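Colleague: Sequence:
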Amino acid sequence: MKKGDILEGKVLKTEFPNKGILYIEEKKVVVKNALEGQTIRFSVSKKRKDRVEGRLLEVLAPSPLETASQDRVCQHFGICGGCAYQTLPYEEQLALKKRQVEDLIEKAGFDFPVEDIYGSPIARGYRNKMEYTFGDEEKGGPLALGMHRKNSFYDIVSLKDCHIADPDFMIILQAVLQYFTSIGASYYHKMRKEGFLRHLVLRRSVKTGDILVNLVTTTQSELDTDVFVQALTSAKIDGKIVGILHTLNDSPADVVQSDETRLLYGQDYFYEYLLDMRFKISPFSFFQTNTLGAEVLYEKVGEYVGDTKDKLIYDLYTGTGTIAQMMAPYARKVVGVEIVEEAVEAALLNAGDNHLTNCEFIAGDVLKVVDNLTEKPDMIILDPPRDGVNPKALRKIIRFGVDEMVYVSCKPTSLMRDLVMLQEAGYAVKRCCLVDMFPMTTGVETVCLLSRKNQTV
0 MKKGDILEGK
10 VLKTEFPNKG
20 ILYIEEKKVV
30 VKNALEGQTI
40 RFSVSKKRKD
50 RVEGRLLEVL
60 APSPLETASQ
70 DRVCQHFGIC
80 GGCAYQTLPY
90 EEQLALKKRQ
100 VEDLIEKAGF
110 DFPVEDIYGS
120 PIARGYRNKM
130 EYTFGDEEKG
140 GPLALGMHRK
150 NSFYDIVSLK
160 DCHIADPDFM
170 IILQAVLQYF
180 TSIGASYYHK
190 MRKEGFLRHL
200 VLRRSVKTGD
210 ILVNLVTTTQ
220 SELDTDVFVQ
230 ALTSAKIDGK
240 IVGILHTLND
250 SPADVVQSDE
260 TRLLYGQDYF
270 YEYLLDMRFK
280 ISPFSFFQTN
290 TLGAEVLYEK
300 VGEYVGDTKD
310 KLIYDLYTGT
320 GTIAQMMAPY
330 ARKVVGVEIV
340 EEAVEAALLN
350 AGDNHLTNCE
360 FIAGDVLKVV
370 DNLTEKPDMI
380 ILDPPRDGVN
390 PKALRKIIRF
400 GVDEMVYVSC
410 KPTSLMRDLV
420 MLQEAGYAVK
430 RCCLVDMFPM
440 TTGVETVCLL
450 SRKNQTV
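Residue numbers (numbering that gives the first Met the number 0): 0 to 456.
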């Protein structure tokens with residue numbers, strides 16, 4: 000095999016997150032976005048010492064696992080970069096994700112079992128937040144609004160269908176696109192750094208149906224506020240638009256951020272309810288994008304934490320303090336640490352709103368803040384970002400010498416790396432389960448209860 004060769008083969012398995020594995024001439028080949036059981040055509044893109052990497056060109060024959068009926072598959076599947084597993088029935092998606100994590104556990108040299116994988120209560124229309132991008136589907140084409148085309152930084156797939164977003168979002172998206180198309184508005188061109196329309200961010204409370212609409216533009220044109228609001232509020236949706244906002248962003252970076260945010264209609268927040276707690280959601284608040292899935296996740300975390308009565312709990316990488324507040328009602332005290340100041344402000348507000356007086360939230364880097372936490376906790380909860388825990392921070396966390404920790408991971412490869420250090424420090428995984436927060440995609444949450452007995456620090 001040499002670079003550029005066009006080859007065919009059958010995928011033997013799919014490793015996390017989306018790497019199809021096959022063997023050609025007894026050489027391991029890795030092809031992204033290929034499902035186990037598919038027969039594929041691919042081109043050789045890289046040759047490495049231990050493997051060959053290929054680029055998927057065509058699926059010649061589907062996998063025997065791909066038995067989802069056509070009405071369960073979005074018309075944009077394979078073009079839009081959002082989903083990976085729509086052709087698999089949901090039970091097969093769960094089984095595949097469980098196999099992938101079990102494979103990572105084995106490769107890392109661990110032998111603990113995965114108790115189960117718990118599915119999302121709903122597998123379609125589960126996302127309570129979507130960020131859409133304005134652009135065009137092809138150079139010089141009509142205005143588009145939707146998701147990035149798979150493997151493309153510039154091209155936008157103008158969505159007419161989406162199986163993971165709340166159904167109201169498609170109706171609102173179409174109303175926005177029709178309005179701006181009718182007035183000939185321009186999208187922001189990243190290369191030329193000119194144009195008006197950038198993003199549309201939609202958020203919805205699953206429990207109440209309240210919706211926030213946030214239009215993100217540059218300052219290069221003016222928005223006719225009254226007509227825009229009328230176009231949105233006249234849309235026939237199941238939920239209710241409670242707030243319409245206009246965020247101005249002249250940054251060259253292709254991210255949703257605010258130089259200034261103006262309230263055009265209603266209010267700039269709504270409330271979401273999660274396991275009997277109330278959380279205030281504003282345009283830029285962090286909150287789990289699958290509300291019902293988050294309830295499953297936090298119930299498992301609570302089960303693994305166990306009895307919190309009279310205990311001091313450290314919730315490191317607390318975000319907006321959701322887990323901390325779930326633990327607080329029976330604990331002596333919960334201390335949450337989070338580097339994002341806005342998230343800490345939200346955590347404090349929500350804790351007050353939920354009448355919790357035993358929560359303390361500290362804004363700062365866990366690596367530095369733990370130096371000032373002098374009291375030994377009874378339990379530590381780790382819920383780090385995708386890259387896992389900074390190794391220097393993890394060493395400091397280990398020095399607390401707690402008997403048990405609960406680690407919540409959104410990226411199992413990072414978890415395996417951190418578990419190696421924790422095992423070397425005398426911790427062992429006592430329980431492990433998975434929660435599927437993101438049906439149709441490659442993502443999966445892993446929850447581990449780690450125990451350390453009869454160890455000295």
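If you're looking for bench data, these hints aren't it; they were derived computationally from the structure.
Quick caveat: nothing in here was measured; it's all calculated off a predicted structure.
Using N, Cα and C, we set each Cβ at its ideal position, and we do this for glycine too.
There's no promise every hint is true.
As the list claims (entries may be wrong) - Derived CB-CB ranges, DEER-like:
#: 1; residue 1: L291; residue 2: A107; range: 25 to 33 Å
#: 2; residue 1: K235; residue 2: E7; range: 43 to 51 Å
#: 3; residue 1: D102; residue 2: E259; range: 19 to 27 Å
#: 4; residue 1: R277; residue 2: R54; range: 42 to 50 Å
#: 5; residue 1: R40; residue 2: E137; range: 22 to 30 Å
#: 6; residue 1: G108; residue 2: Q219; range: 50 to 58 Å
#: 7; residue 1: D225; residue 2: R54; range: 46 to 54 Å
#: 8; residue 1: P390; residue 2: E137; range: 29 to 37 Å
#: 9; residue 1: P141; residue 2: I121; range: 28 to 36 Å
What the hints assert, rightly or not - Taking lysine-lysine and the DSSO-like style, the derived pairs with C-alpha atoms no more than 27 Å apart in a straight line are:
#: 10; residue 1: K138; residue 2: K106
#: 11; residue 1: K189; residue 2: K149
#: 12; residue 1: K206; residue 2: K189
Colleague: Between P141 and I121, does the beta-carbon spacing fit 28 to 36 Å?
Modeller: holds, 33 Å
Colleague: In this structure, is the beta-carbon distance linking D225 and R54 contained in 46 to 54 Å?
Modeller: About 49 Å separates the Cβ atoms of D225 and R54, which means 46 to 54 Å holds.
Colleague: Does K106 lie within 27 Å of K138 when you go C-alpha to C-alpha?
Modeller: Not OK: K138 and K106 at ~45 Å, beyond 27 Å, violated.
Colleague: Between the beta carbons of K235 and E7, is the distance compatible with 43 to 51 Å?
Modeller: holds, 49 Å
Colleague: Would you say the C-beta atoms of G108 and Q219 sit inside 50 to 58 Å of each other?
Modeller: holds, 56 Å
Colleague: Is the straight-line distance between the alpha-carbon of K189 and that of K149 27 Å or less?
Modeller: Measuring from Cα to Cα gives roughly 18 Å; hence the hint holds.
Colleague: Could you tell me whether the CB distance from P390 to E137 stays inside 29 to 37 Å?
Modeller: Taking Cβ atoms as reference, P390 and E137 lie about 45 Å apart, which means the hint is violated.
Colleague: Is the straight-line distance between the alpha-carbon of K206 and that of K189 27 Å or less?
Modeller: violated, 37 Å
Colleague: Range hint 25 to 33 Å: satisfied by the CB atoms of L291 and A107?
Modeller: Since L291 and A107 have Cβ atoms about 31 Å apart, the given range 25 to 33 Å holds.
Colleague: Is the hinted range of 19 to 27 Å satisfied by the C-beta distance from D102 to E259?
Modeller: Violated - the Cβ-Cβ distance for D102 and E259, about 48 Å, lies outside 19 to 27 Å.
Colleague: So the hint says 22 to 30 Å: do the beta-carbon atoms of R40 and E137 match that?
Modeller: Given a distance of about 25 Å, which is inside 22 to 30 Å, the answer is holds.
Colleague: Does 42 to 50 Å hold as the CB distance between R277 and R54, or does it fail?
Modeller: 48 Å Cβ-Cβ, so the 42 to 50 Å window holds.
This entry does not satisfy hints 3, 8, 10 and 12, going by the numbered hints stated previously.
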